[in-house]
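Participant: Okay, here's what each chain looks like letter by letter:
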Amino acid sequence: MELYKRYVDVIIYQKRNGDITPLYVCWENGRKYKIDKVLSSERRASQVGGCGMRYACMIQGRRRNLFLEKNKWFIESYQP
Amino acid sequence: MARDRVIFHIDINHCYAQIEEMKFPALREVPMAVGGHEEKRHGIILAKNDPAKKFNIKTGESLREARAKCPDLLIIPPSYDDYIYYTSLVKDIYRRYSDHVESFGLDEAWVDYTDSIALFGDPLKTAVRIQKEVHDEIGLDVSLGMSWNKIFAKLGSDMKKKDGPAVITRQNYRDTVWPLPAEDLLYVGPATKRKLRARGITTIGELAVYPRQYLKKAMGIPGEMISIFANGGDSSPVAESSYRSPVKSVGNSMTMVHDVDNLEDLRPVYYVLCEAVASRMRDHGMEGDVISVSLRSSGLDWYGCERRISQKTDVSGVIFETAVQLVEQLYDFEKPLRAVGVSVSGLRPLSFHRQLNLFEDEEAYEKARAADLVMDEIREKYGYYSVRRACTAIDSELTAFNVKEEHTVHPVGYFQGRRMMP
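Taken in order, these protein sequences are the chains called E and H.
According to the working numbering, the first sequence is numbered sequentially starting from 1022.
According to the working numbering, the second sequence is numbered sequentially starting from -4.
Chain E with its partners taken away, still in its complex shape:
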């Protein structure tokens, strides 16, 4: 299935040492998706273009890659 690059709003928790944990992904229709677990975070290039810190997240039982690219967040989405 084809993947798309979608910039999204993200609610994060940032510790005083700078560490970031994304908590929710907010879709354009106003729906909020809870990130159940962050499996890994590392610097990676994305197959949909761009690169940055990649947070491999479990959302509603599915794995999705969320990227912090410079100062913006995008998700490798199955929806265009």
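Since the hints were derived computationally from the structure, they do not count as laboratory data.
Among these hints, one or two may not hold up.
Claimed, not checked - Using C-beta positions, here's what the derived DEER-type ranges look like: (1) H:204 x E:1039: 55 to 61 Å; (2) E:1039 x H:20: 29 to 35 Å; (3) H:285 x E:1042: 41 to 47 Å; (4) H:131 x E:1038: 46 to 52 Å; (5) E:1023 x H:252: 48 to 54 Å; (6) H:301 x E:1023: 57 to 63 Å; (7) E:1038 x H:369: 39 to 45 Å.
Even glycine gets a Cβ: it sits at the ideal position worked out from N, Cα and C.
Got chain E sorted already, so can you dock chain H onto it with the hints?
Facilitator: The following block gives chain H in isolation, referenced to the frame of chain E:
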């Protein structure tokens, strides 16, 4: 004999185009090139991707020539902020393996791995690891050459673009480097190439075995230098990451939005350029006394000259007056001018003692300097366009540019102000 050094030269292949492809992977499928802004008239190809290469598009040719070869060529304006950002991320990866990382432009760097062998082991494995890490983390492909000197390492990175590091050793350099054309060597440009051809030298091997004293006699120190380079005798060090080369000159140039055919119209342009140069000199805490101008006509001919003034200065008005006088002497405006530049050299750290001059108005000089400082401060606080000279309002289209802050990526010299060490 001391242990040989291990030096990598790492090059981001067709850097600007590859960064655009990384940002937008669909660009990999179509012929694409990064080219200067056509409306601002810096219309040349800066980098091209592989599909564009098939149409024989060349870096440096005009956008018009490129379109003639490939009408469907997609031309993307450069985003220098991105190039600076992503290339700095790539160099951060190199710095994981050595504190001696010397940039050569945005896309190239030398890494001295000699003292890191004890920490990270086999150089070849590390070289492959660096390529993989850059690919996985930034999504860019780099080519890598490895040798005991910087010159051969650079040749190596040009040899095998796609498949793994090229290793040039004392055992194999006669077979790998010497058959290459002489102009592949750093510092052999078109003029040197012609001089070498005249002596029957076409390859690096022929250059290496040609008697050095003849080359030195015919071409001076550069002749001796390229002979040393060809024999692998370059011993210049890889600078430490924190090394900053001393500033030798400060200059700015620009292509104007439209051609200018008289001195009066050119004055405001020069004022903006001189302000930028003076302001950058103050940032460096330098003053200088050699003012040079460069001009390019609409026929793309170059003109240039320089003059030493009586005292070192960092005042835009003084630089401006000298620059305009030089232009007046140098150019008759038979053809309109397309691009102009000014630079100041003969620099030294700013001194607070100034020789008073009986024949110049010292009070006016101090006032002009104070005005410059105030403008710097206002611009720092409220932005560049918050304060401007009245003369720049005459043709605001022509002078609406901020040379100091809009990125220009300058070519760099190999020796970076160090002496050559054969």
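Participant: For each hint, tell me whether it holds in the structure or not.
Facilitator: Hints, verified against the model:
1. H:204 x E:1039: 55 to 61 Å: Between residue 204 (chain H) and residue 1039 (chain E), where Cβ atoms are some 58 Å apart, the hint holds.
2. E:1039 x H:20: 29 to 35 Å: 30 Å, holds
3. H:285 x E:1042: 41 to 47 Å: Once the Cβ atoms are compared, 57 Å apart, the range 41 to 47 Å for residue 1042 (chain E) and residue 285 (chain H) is violated.
4. H:131 x E:1038: 46 to 52 Å: 26 Å, violated
5. E:1023 x H:252: 48 to 54 Å: Once the Cβ atoms are compared, 43 Å apart, the range 48 to 54 Å for residue 252 (chain H) and residue 1023 (chain E) is violated.
6. H:301 x E:1023: 57 to 63 Å: 59 Å, holds
7. E:1038 x H:369: 39 to 45 Å: Check passed, 42 Å falls within 39 to 45 Å.
Of the numbered hints given earlier, the model fails hints 3, 4 and 5; all others are met.
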